Amino acid sequence: MSGHRWQRLLSRHPYLFTLLLFAVLLLANRLLQPNLFESRVLSGNFRTFLPLLLLAVGQTLVVIGGGIDLSVGALVSLATAILVTNLLPESGMGAFLAVVGLAALAGMAAGAFNGFCVAVLRLQPIVTTYATAFLFGGVALWLLPRPGGAMPQELAQFYRQQTPLGLPIGVYVIIALLLLWLLLRSTRFGHYLFAVGGQPEAAYTTGVPVTWVRVATYMLSGLMAALAAAALTLGTSSGDPRIGDAMTLDSIVAVVLGGTRLSGGQGGVAGTILGVIVLSLIRNIISFANVPNWWQTLVDALIIVLALAGPALVRLLWRRT
Amino acid sequence: MNRLRRWRLSPPLIALLLAVALFFLGGLLQPGFVNPDQAINIVRLAAFLGIIAAGQTLVILSGGEGIDLSVGSVVTLSAILVFRIVNGDNALLLPALAVALGAGTLVGLANGIGVTALGIPPLVMTLGMTGIVEGAILVVTEGQLLGRPAPLLGQLVAQPLFGPLPGILLIWLLVGAAMWLLLERTAFGKNVFAIGVNRETARLSGVRVPLTVAATYALSGTLSALGGVLLLGFTQNVFLNLGRPFLFPSVAAVVVGGTVLAGGKGSYWGTMAGALVLTLLTSLLTASQLPEAVRQMVLGGTLLLLLSVYGRQRALRE
Amino acid sequence: MLMTLSAQHLAKHYGGVTALADGSLEVAAGEVVALVGANGSGKSTLSKIITGVVAPDGGQLLLDGKSVSFAGPPAARARGVTAVYQELSLVPDMSVAENIWLTHEPRWLGLLVNRAAVQAQTARLLALFSGAISARLDPRAPVRDLPPDEKQIVEILKALSRRPRLIILDEATASLDSRQVTRLFDLVADWQVQGKAVIFVSHRMDEIFRLADRIVVLRNGQTVGRLARSEARERDVVALMTGQAAAGAPGDAAVAQETPAAAGEAAGAGSTLLPGAVRLQVDDLRTPNVHGLSLQVHDGELLGLGGLRGQGQEDVLLALFGALPHSGRIRIGGKVAAFRHPQEAMAAGVAYVPGERNAQGLLSIRSILENLQLPSWAGYGLPLRMSAARADGRRVADELAIVMAGLDEPVSSLSGGNAQKVVLGKWLLRSPRLLLLNDPTKGVDVGAKAEIYRLLAALAAAGTAILFYSSDDEELLSLCRRVLVLHDGLLCAELQGPSLTRSQLVAAGMGAVSGETANGEAAGGKADTAAEPGSTP
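Chains as they are written, first to last, in the numbering used here: chain A, 1 to 321; chain B, 322 to 639; chain C, 640 to 1176.
Please note: incorrect hints may appear among the correct ones.
Claimed, not checked - Calculated pairs, EDC-like style, for lysine to aspartate or glutamate (alpha carbon to alpha carbon, straight line, at most 16 Å): (1) B/Lys586 - C/Glu1048; (2) C/Lys974 - C/Asp1031; (3) C/Lys974 - C/Glu995; (4) C/Lys1088 - C/Glu1038; (5) C/Lys974 - C/Glu1048; (6) B/Lys586 - C/Asp1047.
Unchecked claim - Computed far set for chain A versus chain C, every beta-carbon distance over 12 Å: (7) Thr85; (8) Glu90; (9) Leu167; (10) Tyr172; (11) Thr187; (12) Phe189; (13) Ala195; (14) Gln199; (15) Ala202; (16) Gly207; (17) Gly265; (18) Trp294; (19) Leu302.
The set of hints was computed from the structure by calculation and includes no laboratory data. Note that the structure is predicted; figures quoted are calculated from it, not measured. The C-beta atom is built at its ideal place from N, Cα and C for all residues, glycine as well.
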């Protein structure tokens, strides 16, 4: 009886299992790292996962719309290259914003190209964005052949050290993202997004501009990749033209952990944010639990697979009893 | 008219012609690129990718968003296992091979169970498995990759065996023939195509869908492990991310060979041709002395072009 | 301006199949026109042309006196023409309110969806059905969780939310219960007062007579009658639908004349009433849509399953084939059968021809040979003896007279009829003892139909037990000696011998159980539509 209710709850809130995991991990992390909630430590943690968080939010939109974007990592590299090659250590706020705007435009243009290939030419999303990842990565290397470049020192200092009202800047970014997501969900586009990902045929007969919606998701993903690059470079103060490569797959794992269905039409940004935080908590714990070095990768992967399998395992166990 | 249709170019043939064209294009761009030694060298390099992509072909053919991103880690795993067990002794090669293939099969089977019984999307399931396998390697070896390859393995793979042809070529052709037999001449192969096209039709025709899906992942593990063992014969050494460079190219080789990512249509001949195309493309680009940036862009652009030739999906309105 | 819509001589062909030959219909504001006809008479095609889903290839459509051609459903909607279809156009994961207002959500300042207004307006729409729907049909409920009747109501409200001038209700009552139907009819009466035009497509005679001002009858893709309700009698409408003179006594020799000739004869030739031993014995079968059904099929018998669509017929067949969880006792050839996978059923000699040819019966992009051999590959050894498989495939293709360019062509290159022959043909190779068929001639042209009839008759003559659901009454009458009519997952009539007549079948299917069903389970109900002398038990 209660099993049945839990199942319905799970199917309505697919990230419930991740939420539980989050609570457990947070507790574990706090036990292992007593100063976890100190402003300085917290701020550092937020800085670490903020780029992935921004990226995964963009990925979420694409996935809800029924696609997938394997070029997000390359887009981060591209935007990073644009940022560090156009900024100087002494650049001011105005110049910074202008260059971030330029990177955002580039990201959206690249996203529009992805969207064109997937929605208009109807190429398979996985391989298409894998191929465009080479294109975008190539441009990044062309702009910035080797790691280097510069970021405005003052801004980077501000980003790293300021904790308005005692909270890390990342907290405000998350709040802003959640508000924007709520806003987006409340637009007609938000409704189209779920319709296109959930049942494209029904959306089409109802008159939803399916092609346009798909292109828009990829453009938004490109935009988020540019913002992720900004957060990343502000944290490191220099650019690596391959810095994004490793982030692509993490962004997808975070989306799935957050309860967004890879086949589209279901999910949300809040779950993804939770997914990113869980990922970073796992890594944090591993580094603080004195997990022997050699065990870290395994433990990390096992927890992730367990989290992915969790809902199904619970269901299987209940069916047995 | 009917005969005309039969002679129309099939994707594997297109890919093969493309490979030949690329080879001679290489000759134009790079004097001395076109010679028998170079050809043999490229086919040898393509063989590793081709064998690793054999399992990928099966998984992708079986549909249901099927993809195996754990092939890279299985390649590394099996190479390390053989490296350790053999430790330079030819006599231990066969047992080591058995262990490596068994381990690869088990990893694949775990993927299959995760995908079918636990309903985890193949993309993230196999990605997670990569982490588990790489993690397990680290735990067991603690980063110290001791051992020595079997001399026999090196001879088999690298040295000329039949005239100028190295043994790896024969092995690749055998794998090709076996894959053709499996896909075209066994009930299992026919079922793989069937579940790739339409799982409901397959089920209502008596196909055990989850079992078949799990078997494709298990076989993918076996074949990647075989690829890893052979790769060891070529590299004569192991390192922790030995297999990683083969991960996405294995998917690309399958797609370039004309196998539809949605499943149900394709062939291993196509994948073999695709492996040749990709290997040639990368060799050409490496030899071209173009900047890395341009090389990447050319690779991405070429992939995209190949996709748009025959990778298109159905329209919403017919 | 008041709306008028006039469809004149509309036609639509799919390949060689004529879906609509000459469909005409007029409807004006404030009027309800019923569109009736047997399955496959072209009702759906006609209504799809009117709403822009299908482009006609003949005739013209006049809206307010001017010729129009809609590029798609949105174009028709923009002109106030909308439809409620059976095939649902809802997104399962979205809420009731989101589905209803998709693409025309009320917004603040033209930007943000005014959720309060959406909820309120949805609640107002739902209130139209209050008392006839459960409390869980809430504006926020995901459509996925709703039962079929409430999904249908959401479809109706979705159409209504656009304030259309013309509404087509295409079998909109098929999944509604009587309270919901009554409520819908009250609404339709309101719409008439508001000056909306309504086209009502239905199989249910009583509803047609309750609702319609005028009745347009289609038969074989042609408009064959326009009647005012005041002057129409049920039997006249049935007669027009079936093409029989109303005066003549239906159900006698006339049946055989009307059916595809060869099939009728073949079916009649090779069978006695109870030809062989009991092949299939089912007791108290239960599935989500079947609530306790018992039946028997004998070797060599072609037992028909009839009734309106979606009364549990498919569940019965799927359960018997092991493809649907079920309870109840099933014996095949005397042995208890508890199949949990089609493979087990196949091993016991059961075969199933599914209802959705493309979604469940074919591997569209694979070759004809591979489709024919899909269930049988395991029998060809290792490696597969392809020449034997090919020879067997060729033999079946010849036997079924499949028109094709070759066994290696993709099955998607075949016409509907030939594709259906492939679906049937794959089981012939296994010589099944019990053949289950789910509406095997849906969307199949006349020639292929005749082939299929001939084949079924031959199989029955050879001793195969056949359980055959058809949505086409003609077929049941011509092929079967005994027909079970299902209604709401229950057996509502068993017709055989003299009681197996067209009018009995039509009446039973509409839930109007006559007093003379052969199994004696007469449930009062309506008066018989056509008197049947001589069949009183």
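Consistency of the hints with the structure:
A hinted pair counts as satisfied when its Cα atoms are at most 16 Å apart, and B/Lys586 with C/Glu1048 qualifies at roughly 14 Å. Taken as a hint, the C/Lys974 and C/Asp1031 pair is broken in the structure, with Cα atoms around 30 Å apart against an allowance of 16 Å. With a C-alpha separation of about 30 Å, the suggested pair C/Lys974 and C/Glu995 falls outside the 16 Å cut-off, and the hint is violated. Taking the CA atoms of C/Lys1088 and C/Glu1038, the gap is about 14 Å. The hint holds against a cut of 16 Å.
Restraint check for C/Lys974 and C/Glu1048: the C-alpha separation of about 41 Å exceeds 16 Å, so the hint is violated. A hinted pair counts as satisfied when its Cα atoms are at most 16 Å apart, and B/Lys586 with C/Asp1047 qualifies at roughly 14 Å. At roughly 37 Å from the closest C-beta of chain C, the C-beta of A/Thr85 stays outside 12 Å, upholding its exclusion from the interface. Against the 12 Å criterion, A/Glu90 stays outside the reach of chain C, whose nearest CB is about 40 Å from its own CB.
For A/Leu167, the requirement that its beta carbon stay farther than 12 Å from each beta carbon of chain C is met, with the minimum near 28 Å. For A/Tyr172, the condition that its CB be more than 12 Å from all CB atoms of chain C holds, with the nearest at approximately 22 Å. For A/Thr187, the non-interface assignment is contradicted: its Cβ lies about 6 Å from the closest Cβ of chain C, within the 12 Å cut-off. Its beta-carbon lying about 10 Å from the closest one in chain C, A/Phe189 breaks the requirement of being farther than 12 Å from that chain.
Remark: the non-interface label on A/Ala195 conflicts with the geometry, its nearest Cβ contact in chain C lying 5 Å away (cut-off 12 Å). Annotated as non-interface, A/Gln199 brings its C-beta within 12 Å of a C-beta of chain C; the closest such distance is 4 Å. For A/Ala202, the requirement that its beta carbon stay farther than 12 Å from each beta carbon of chain C is not met, with the minimum near 5 Å. Once the 12 Å rule is applied to beta carbons, A/Gly207 is inconsistent with being away from chain C; the minimum gap is 4 Å.
With 12 Å as the threshold on Cβ separation, the claim that A/Gly265 sits away from chain C is violated: the shortest Cβ distance comes to roughly 5 Å. Distance check on A/Trp294: its Cβ is at least 43 Å (rounded) from any Cβ of chain C, clearing the 12 Å threshold; non-interface status holds. At the 12 Å boundary, the C-beta of A/Leu302 stays outside the reach of chain C, the nearest C-beta of that chain being 31 Å off.
Consistency with the previously given hints fails for numbers 2, 3, 5, 11, 12, 13, 14, 15, 16, 17, ordered from lowest to highest.
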